[in-house]
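Protein chains in written order, with this note's numbering: chain A, 618 to 850; chain B, 967 to 1241.
Everything labelled a hint here was simulated from the structure, so no lab data went into it. Just to be clear, a hint being listed does not mean it is correct.
Stated by the list, open to error - Simulated restraints, written as ranges between beta carbons of each label pair:
(1) B:S1088 / A:R679: 19 to 25 Å
(2) A:V680 / B:Y1043: 48 to 54 Å
(3) B:R1194 / A:R679: 46 to 52 Å
(4) A:E742 / B:K1036: 32 to 38 Å
(5) A:V771 / B:K1061: 42 to 48 Å
(6) B:L1139 / A:E742: 32 to 38 Å
(7) B:D1035 / A:E719: 43 to 49 Å
(8) B:A1039 / A:G714: 48 to 54 Å
(9) A:I718 / B:F995: 51 to 57 Å
(10) B:R1079 / A:V680: 26 to 32 Å
(11) A:E742 / B:K1210: 57 to 63 Å
(12) B:K1036 / A:T849: 50 to 56 Å
(13) B:A1039 / A:E719: 35 to 41 Å
(14) B:M1238 / A:H716: 31 to 37 Å
To be verified - Think about it this way: if two alpha-carbon atoms lie no more than 20 Å apart in a straight line, the pair counts; the simulated EDC-like pairs of lysine to aspartate or glutamate are:
(15) B:K1128 / A:D659
(16) A:K757 / A:E727
(17) B:K1128 / A:D682
(18) A:K757 / A:D659
This one's a predicted model, so the numbers in the text were calculated from it and none came from an experiment. Every residue gets a Cβ at the ideal spot worked out from N, C-alpha and C, and that includes glycine.
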Amino acid sequence: MAAAASMMPYFAQQISSKNDLVPDWMGQEVSTGTTIMAVEYDGGVVIGADSRTTTGAYIANRVTDKLTPIHDRIFCCRSGSAADTQAIADVVTYQLGFHSIELDEPPLVETAANLFKASCYRYREELSAGILVAGWDRRKGGQVYCVPIGGMMVRQPVSIGGSGSSYIYGFMDSNYKPDLTKDQCLDLTAAALSLAMERDGSSGGVIRLASISESGVERKVILGNQLPKYSTH
Amino acid sequence: MALSNVFETPAPGFNFDNTSRNAALEGLFDGGQTPKPMKTGTTIAGVVFKDGVVLGADTRATSSEVVADKMCAKIHYIAPNIYCCGAGTAADTEKTTDILSSNLTIFSLNSGRNPRVVMAVSILQDMLYRYRGQIGANLILGGVDCTGNHLYTVGPYGSVNKVPYLSMGSGDLAALGILEDGFKHDMELEEAKELVRLAIHAGIMSDLGSGNNIDICVITRQGVDYIRPYQVSEYKDNRKTKYKYRPGTTPVLTEKVVRLKLEVVQESMQRMDTA
């Protein structure tokens, strides 16, 4: 690559500038500007996300799937730069798959979370990725690990992330109780995401939910017109 | 991770080679404006229908306010069953799709298999992510393979979206309005072509960076129908004079022939080994 760069005269490339017919938002990086959530229950986890991907003020994809499978019983919820999180998820999927084949055993959620942390921490200056790792394994059951921007990793019974999460911290603190059932977790997640999507401009679309347990993964979509409704007046 | 089908194994890590070159170039122009690259300032769209994928594009390429090319081809060949529309910097989309096409051909020859759309997407995503957005290519990839009909979009930073219909380029908002209104799952071929034509037309009418003719590319299991142009612009002008001059227009006054002296310096012969 270095040799090629010195061979021919090039002109500097710009993606956008003042005089352009291409609007400003075309040059901006695609961000998942999101609301994501993960809750542990006895026997598994429930994860949820909105479905909006934005490039500046434009919604590049209104039906995004931010719940990405890493392994059979391990998912990650992605927030931050779409490109960065997709790339990291691909790398971790490969590393975890390899590790699992070596061990001849389903991998641990903690392992997946550590792999995410390793990538996010090492390249913390270049990356913009906030990830929730959630899944089920035989050793510790349902687990949720939070790997925010900067590369910290910590296990939490319930975790929220993304730009819309700021609006629902109060809701979470007051409505989450330990020892919820799976259906209560699904309702709580749907309600929380719905509230965040109402207030945050970068979150919206549909709610994608998934519940992961020993028996497998069940995915659900709550469409725009079926969202729980809240009104201030 | 090394791909055995790719001609050269990419170096691991991020590639910052171009940043020093860009900085040097800026210095060369004494802080003035570097020449603007030719951008396609485009409307491109794609739709998945019952039997395959329809891709559409306008044909205008602009360099700032001037139309540089009125009949630019924005739908690029990737593989016999995969085509790609490109928006963004014209050179970037051309070169990126060329590289992708070569890699997939090598893969096909190596493995004896037809390439899949998801492979093309992965290779593109990997390359664009490594260049950290320095390659200004917004691409729509569409194709039909053994797993079905697929439509993907890849952004300049390396983000991928898989959707049943989409539009990109500066005219994408206008085109998307038409697509959102008219799209249905499992459309027939004529319906799908008409929808894409209307979408590109909306882009042409509402966006200064898009214009001229409309190209359509229909990809199905049976093959590819690349219709260029599908619809010719209704604003075609008629030139009043011709700019070509016939031989003899300029009179020749004198003629002088000077022979180039060449002398044979060395001659050698090597016999070819024949079996």
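Evaluation of the provided hints:
B:S1088 and A:R679 have their C-beta atoms about 24 Å apart, which keeps the hinted 19 to 25 Å range intact. Between A:V680 and B:Y1043 the beta carbon distance is about 29 Å. The supplied range of 48 to 54 Å is therefore violated. Separated by about 31 Å at the C-beta atoms, B:R1194 and A:R679 break the suggested range of 46 to 52 Å. For the pair A:E742 and B:K1036, the supplied restraint of 32 to 38 Å is violated, since their beta-carbon distance comes to about 45 Å.
Checked against the hint of 42 to 48 Å, the pair A:V771 and B:K1061 passes, with Cβ atoms roughly 44 Å apart. Evaluation of the 32 to 38 Å hint for B:L1139 and A:E742 yields a pass: the beta carbon distance comes to about 34 Å. Restraint check, B:D1035 to A:E719: a C-beta distance of roughly 54 Å breaks the suggested window 43 to 49 Å. Checked against the hint of 48 to 54 Å, the pair B:A1039 and A:G714 fails, with Cβ atoms roughly 40 Å apart.
Here the CB-CB span from A:I718 to B:F995 is close to 54 Å, well matched to the stated 51 to 57 Å. A hinted range of 26 to 32 Å holds for the C-beta pair B:R1079 and A:V680, which are about 31 Å apart. Range check, A:E742 to B:K1210: Cβ separation about 58 Å, and the 57 to 63 Å hint holds. As the Cβ distance of B:K1036 to A:T849 is approximately 54 Å, the hint placing it in 50 to 56 Å holds.
Separated by about 48 Å at the C-beta atoms, B:A1039 and A:E719 break the suggested range of 35 to 41 Å. Evaluation of the 31 to 37 Å hint for B:M1238 and A:H716 yields a failure: the beta carbon distance comes to about 56 Å. Between B:K1128 and A:D659, the direct Cα distance comes to roughly 34 Å. Violation of the 20 Å bound is thereby established for this hinted pair. Among the hinted pairs, A:K757 with A:E727 is consistent with the structure: their alpha-carbon atoms are about 9 Å apart, no more than 20 Å.
Between B:K1128 and A:D682 the CA atoms are separated by roughly 10 Å; this keeps the pair inside 20 Å, and the hint holds. With a C-alpha separation of about 10 Å, the suggested pair A:K757 and A:D659 falls inside the 20 Å cut-off, and the hint holds.
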